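Take any residue in the sequence shown, note its place counting from 1, add 12, and you have its number in this note's numbering.
Hint data in this document are derived by calculation from the structure and do not stem from the laboratory. Among the clues, some could well be false.
No farther apart than 30 Å at their CA atoms in a straight line, the calculated lysine-lysine pairs in the DSS-like style are these [to be verified]:
(1) Lys199 / Lys331
(2) Lys199 / Lys98
(3) Lys23 / Lys203
(4) Lys331 / Lys342
(5) Lys355 / Lys23
(6) Lys43 / Lys331
(7) Lys117 / Lys98
(8) Lys98 / Lys56
Note that the structure is predicted; figures quoted are calculated from it, not measured.
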Amino acid sequence: MNMHDYADRLKGLPFYLYPTIEATTDEAIQKGLKIIDLSTGDPKFATPDYIIQALQKACEDPATHHYGSVAGYPPFRKAIAQWYQKRFGVALDPAREIITFVGSKEGIAFLPLAFINPGDVVLIPDPGYPTYRYAASFAGARLEAFPLRPENNYEPDFDEIPETVAKEAKIIYLNYPNNPTGATVDKGFFKRAVQFAKKYGIMIAHDAAYSEVTFDGYRTPSLFEIEEAREVGIEFHTLSKTFCMTGWRVGFAVGHPRIIEGLLEVKRVSSSGHFPAIERAGVEALSRFPVELEANNRALAERRDLVIREFRRFGIDVKPPRGSYYVWFKIPKGRNSLSFVKKLILETGVITFPGIGYGNNGEGFMRIAFVEDLSTIEEALRRLEPYLRT
13 MNMHDYADRL KGLPFYLYPT IEATTDEAIQ KGLKIIDLST GDPKFATPDY IIQALQKACE
73 DPATHHYGSV AGYPPFRKAI AQWYQKRFGV ALDPAREIIT FVGSKEGIAF LPLAFINPGD
133 VVLIPDPGYP TYRYAASFAG ARLEAFPLRP ENNYEPDFDE IPETVAKEAK IIYLNYPNNP
193 TGATVDKGFF KRAVQFAKKY GIMIAHDAAY SEVTFDGYRT PSLFEIEEAR EVGIEFHTLS
253 KTFCMTGWRV GFAVGHPRII EGLLEVKRVS SSGHFPAIER AGVEALSRFP VELEANNRAL
313 AERRDLVIRE FRRFGIDVKP PRGSYYVWFK IPKGRNSLSF VKKLILETGV ITFPGIGYGN
373 NGEGFMRIAF VEDLSTIEEA LRRLEPYLRT
């Protein structure tokens, strides 16, 4: 037996594209190209000063130098409940219906470990955020993809999911505003989702990471604005996008106490909780929400509009997203998305992300994140124009 052999669960994970993109980027750097990274949802805004100051103050308190609560710093959970009430009109019990994570990605990954046995069915959006696939696969799930199509605003048609599959499904992942497509939904969509979930006894895991990154007057609804969602749902949030805290790794989930307790059981055996000072800073972030958010969203809307305007000049038909940081669009016909993105990196130094990285239905598309400043985006588009113009 070779002690260095990976476990079957690791060998069986779907192909992860980020290392390929990183290796191609390294090759471009070796060639002397100046890199512009439009591949990742990480805007170049600074974390607000008042949050940094709150962290500094918390770090000076010796009480934060020890283990924190695995479920989350109680005042932070209380602040989350207060924010939910103010933002969505949804009342939550901080002790039973809220849990915090080292980034919402951690919670999304823990969910199948808490509720999925090998062979259980998990419904995955295609295209969709890759972590849903990897997390479910790691737990031994049988993945069943449901298509998100542009003609349906990248919303699932629940009637299209075969009844035999729906009856076996245990979790369905949803994500709006959507990554990678930028699609948004109204409360009516969540009502239909809850009806579908209740009919078949399926848990809804809604990833609301981009709920506050919105444009053109759109306001994201919460899954829990639908009363019956409490019976079937869990909703994941992060401070990363809203407060420009991607590196801080602060996330949380709200939902049915039984689901929260299952997540907590996984967390108890895999984590000792977050650095308490960071969650104290999270209290300050939520209590002063949304001081910088509107200005950041206006800046992002400008960047989005620049990309849309230039794409249309290139001959690319694209709809302006009302949420997230992403423009999702068709690449030239006959191109393989991964090969095309690698070519762009090696010949222009501009990093984007191939549609195939989000599922089979993503082939033929790619995603650009409008996260850099206007002049940098202009330069990136200037380099890309000869390759994208139709």
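To see whether the hints hold, each was checked on the structure:
Pair hint Lys199 plus Lys331 holds up; C-alpha atoms about 21 Å apart against a cutoff of 30 Å. As the CA atoms of Lys199 and Lys98 are separated by approximately 17 Å, the hinted pair is consistent with the 30 Å bound. For a cut-off of 30 Å, the pair hint linking Lys23 to Lys203 is broken: about 38 Å separates their Cα positions. Straight-line distance between C-alpha atoms of Lys331 and Lys342 comes to about 11 Å, which keeps the hinted pair within the 30 Å bound.
Between the alpha carbons of Lys355 and Lys23 the distance comes to roughly 28 Å, so the proposed pair stays at or under 30 Å and holds. Distance check on the hinted pair: Lys43 and Lys331 sit about 35 Å apart at the alpha-carbon level, beyond 30 Å; violated. Distance restraint check for Lys117 and Lys98: the Cα-Cα separation of roughly 25 Å lies within the 30 Å cut-off, and the hinted pair is therefore satisfied. A threshold of 30 Å between alpha carbons decides the hint, and for Lys98 with Lys56 the separation of about 28 Å falls inside it, so the pair holds.
In summary, the numbered hints that this structure violates are 3 and 6.
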